[in-house]
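Add chains B and C to chain A, keeping to what the hints say.
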Amino acid sequence: MRFKLRPSEDAFYEFFSRAAQNLVKGAEILSELGLAEVDIPSVAERLVDVEHDSDQITHELYNKINSTFVTPFDREDIYRLGSLLDDCMDHIEAVGSLVYLYGLTSLPTLPREMHDLVEVINEQARVTAAAMPGLKGMRGLKDYWVEINRLENAGDRAYRMLLVRLFSGEYDALTVLKMKEVADELEAACDAFEHVANTIETISVKES
Amino acid sequence: MRFKLRPSEDAFYEFFSRAAQNLVKGAEILSELGLAEVDIPSVAERLVDVEHDSDQITHELYNKINSTFVTPFDREDIYRLGSLLDDCMDHIEAVGSLVYLYGLTSLPTLPREMHDLVEVINEQARVTAAAMPGLKGMRGLKDYWVEINRLENAGDRAYRMLLVRLFSGEYDALTVLKMKEVADELEAACDAFEHVANTIETISVKES
Amino acid sequence: MRFKLRPSEDAFYEFFSRAAQNLVKGAEILSELGLAEVDIPSVAERLVDVEHDSDQITHELYNKINSTFVTPFDREDIYRLGSLLDDCMDHIEAVGSLVYLYGLTSLPTLPREMHDLVEVINEQARVTAAAMPGLKGMRGLKDYWVEINRLENAGDRAYRMLLVRLFSGEYDALTVLKMKEVADELEAACDAFEHVANTIETISVKES
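Protein chains in written order, with the working numbering: chain A, 1 to 208; chain B, 1 to 208; chain C, 1 to 208.
Chain A with its partners taken away, still in its complex shape (with noise of 0.2 Å):
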């Protein structure tokens, strides 16, 4: 019985890597925007793919559920842990094209804040994809929320800093506005990883 059982509960595991593999492939290509010779409407387009992969992943994972009779944890854990996986995607994708459809290529270049946010990020997506496998017995997974903690920690004082160099007075109104979009959405992502290591904390205490 739990021999049969098994393919069906890696399959999980294994959906949750892929989110978060294609997770460090989007943050990859948002550190791009920190390049001197970057081209945005590139960024852009490539960020909608791996947004695109990742609502292919989360749909496939809906389907697994619903088709699965024992699923290796709660069934409404799982759903909102792909949700959450998700939910990083989309703020990543939505830098790209905020950064493009208001034109902040006009500027010189983005500030240096920014990048430190940007770069919070790509840590996050690499530590996330690498917890992933120790979901399957729920192993090593506490440095992994340690490291997140801080890592959302950095994030903040990385917005925060940054919010103080927008309000500098350096910048007109508007484009003030259109960077503060961009910083909200940074920031959103850098929650939303926060989200998906206190949901597998959850996890594990109902576990446990």
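Just so you know, these hints were derived from the structure itself, not from any lab.
Among the hints, erroneous ones may be present.
Repeated chains share a single entry, so a pair holds when one copy, or any two copies, can fit it.
[To be verified] Pairs of lysine to aspartate or glutamate, EDC-like flavour, derived with a Cα cap of 20 Å:
id, residue 1, residue 2
1, 180, 170
2, 142, 76
3, 142, 191
4, 136, 14
5, 206, 77
6, 206, 60
7, 206, 9
8, 206, 76
9, 25, 45
10, 180, 156
11, 142, 55
12, 206, 156
13, 142, 116
14, 25, 143
15, 206, 74
16, 25, 191
17, 142, 39
18, 142, 28
19, 136, 201
As the structure is a computational prediction, the values presented were derived from the model and not from experiment.
Positioned in the frame of chain A, the structure of chains B and C alone reads:
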């Protein structure tokens, strides 16, 4: 026994239907903002009235939960669904209040993209109200989720294009800030309808 | 057996009481922003201190959950309540930081409507702390919910009137943006207290 429980169960479905019908009413009042000869104080006032009706329905639902021994599905899910339907109305009402309080009446017209967003909310309200009778027996809900998700995506696009318009340089900074607040409430209303759909999907996953 | 479990159960209620008492402390420090001779760097610094205390309490609570076999109510609800009490403090601390970081000290005074909102938060903190002993036995909580809801409505009104004031044309666009950030954190604090109350209500529905 089963026969006896029925009337009580039906009462819950009736609360959800009444709440959703009330949202259709609120969304229709909101649409008047697109009329050439809109009476903004009247729109704001009538929205306060339907919001009070919504509070009343939610309050009755909570009392019903507390006085009922067997509920059609988990108590906390009934509670959550009631609270989320109420959130939709809170955001719809807030739009009317803000347009009135900020004196946006002095603008010749609100941007077209804002009306696009109001139209999305109208469709979401109608689709939600149409789905409520299906809650009993969890029937026909898949089309509802698909449609709400499609509408939420349409709402996201309309919101993004509204911000592009607001940040285009056409309006002064304070007017942009005021309309941005209104836009955020409209987007929050769209999201709130999606939360209702997600919660119904989660309940259906649990019950299946 | 029952006798043996008691001390452990009581420990959970004590954590919630300590967390709520700490919120009273934080809210009182926040009130100093209304004083004519306010020392803003000192307010910001002491808020960081009480926020660290709050983190410490939350951390101890999580350890307690993980090391306790029988909890007074669902593990994940205890977890959630601890996390929401911590959120209240995070928003209170953020207000102090932002007022300091944005240099809002150079304004002759902060708008009166901002102090109205701070006063609501003070009342919410006091009402929450007073309700905590009732968690054990789920007694006297109805008055608490009614009062928190009344206060949250008062907070919403104060927030709306604060925005009307900020957008009145009295302040330049960058000052408006800075004060809007502070206003948003104040409103998020009000909402966070309501989330605490909603979670306690949900727990009480489940336990009843």
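Hint check:
1. In this homomeric assembly, residue 180 and residue 170 come within 20 Å of each other (Cα to Cα) both inside a single copy, at 14 Å, and across copies, at 19 Å.
2. In this assembly of identical chains, the alpha carbons of residue 142 and residue 76 lie at most 20 Å apart only when taken from different copies (17 Å versus 23 Å within one copy).
3. Within a single copy, residue 142 and residue 191 get their C-alpha atoms as close as 18 Å, which meets the 20 Å cut-off; across copies the closest is 30 Å, which misses it.
4. Only within a single protomer do residue 136 and residue 14 lie at most 20 Å apart by alpha-carbon distance; the minimum there is 10 Å, versus 34 Å between protomers.
5. In this assembly of identical chains, residue 206 and residue 77 lie within 20 Å of each other by CA distance both inside one copy and across copies; the values are 10 Å within and 10 Å between.
6. In this assembly of identical chains, the alpha carbons of residue 206 and residue 60 lie at most 20 Å apart only when taken from different copies (18 Å versus 25 Å within one copy).
7. Proximity of residue 206 and residue 9 under a CA criterion of 20 Å is satisfied in both settings, with 18 Å inside one chain copy and 18 Å between copies.
8. For the identical chains of this complex, residue 206 and residue 76 are neighbours both inside a copy (13 Å) and across copies (7 Å), given an alpha-carbon limit of 20 Å.
9. Proximity of residue 25 and residue 45 under a CA criterion of 20 Å is satisfied intra-copy only: 13 Å inside one chain copy versus 39 Å between copies.
10. When the C-alpha separation of residue 180 and residue 156 is checked against a cutoff of 20 Å, the pair qualifies both within a copy, at 14 Å, and between copies, at 18 Å.
11. For the homomeric pair residue 142 and residue 55, the shortest alpha-carbon distance between copies (17 Å) is at most 20 Å, but the shortest distance inside one copy (28 Å) is not.
12. When the C-alpha separation of residue 206 and residue 156 is checked against a cutoff of 20 Å, the pair qualifies neither within a copy, at 29 Å, nor between copies, at 35 Å.
13. In this assembly of identical chains, the alpha carbons of residue 142 and residue 116 never lie at most 20 Å apart, being 25 Å within a copy and 42 Å across copies at closest.
14. Proximity of residue 25 and residue 143 under a CA criterion of 20 Å is satisfied in neither setting, with 23 Å inside one chain copy and 32 Å between copies.
15. For the identical chains of this complex, residue 206 and residue 74 are neighbours both inside a copy (9 Å) and across copies (9 Å), given an alpha-carbon limit of 20 Å.
16. Taking the shortest alpha-carbon separations for residue 25 and residue 191, only the intra-copy value of 18 Å comes in at or below 20 Å, while the best inter-copy value is 27 Å.
17. Taking the shortest Cα distances, residue 142 and residue 39 never come within 20 Å of each other, neither inside one copy (39 Å) nor across copies (40 Å).
18. Proximity of residue 142 to residue 28 under the C-alpha cut-off of 20 Å is found in neither arrangement, the shortest distances being 25 Å within a copy and 35 Å between copies.
19. In the homo-oligomer, the alpha carbons of residue 136 and residue 201 lie at most 20 Å apart inside one protomer (13 Å), although the nearest pairing across protomers, at 26 Å, exceeds that limit.
Comparing the model with each earlier hint shows violations of hints 12, 13, 14, 17, 18; every other hint is respected.
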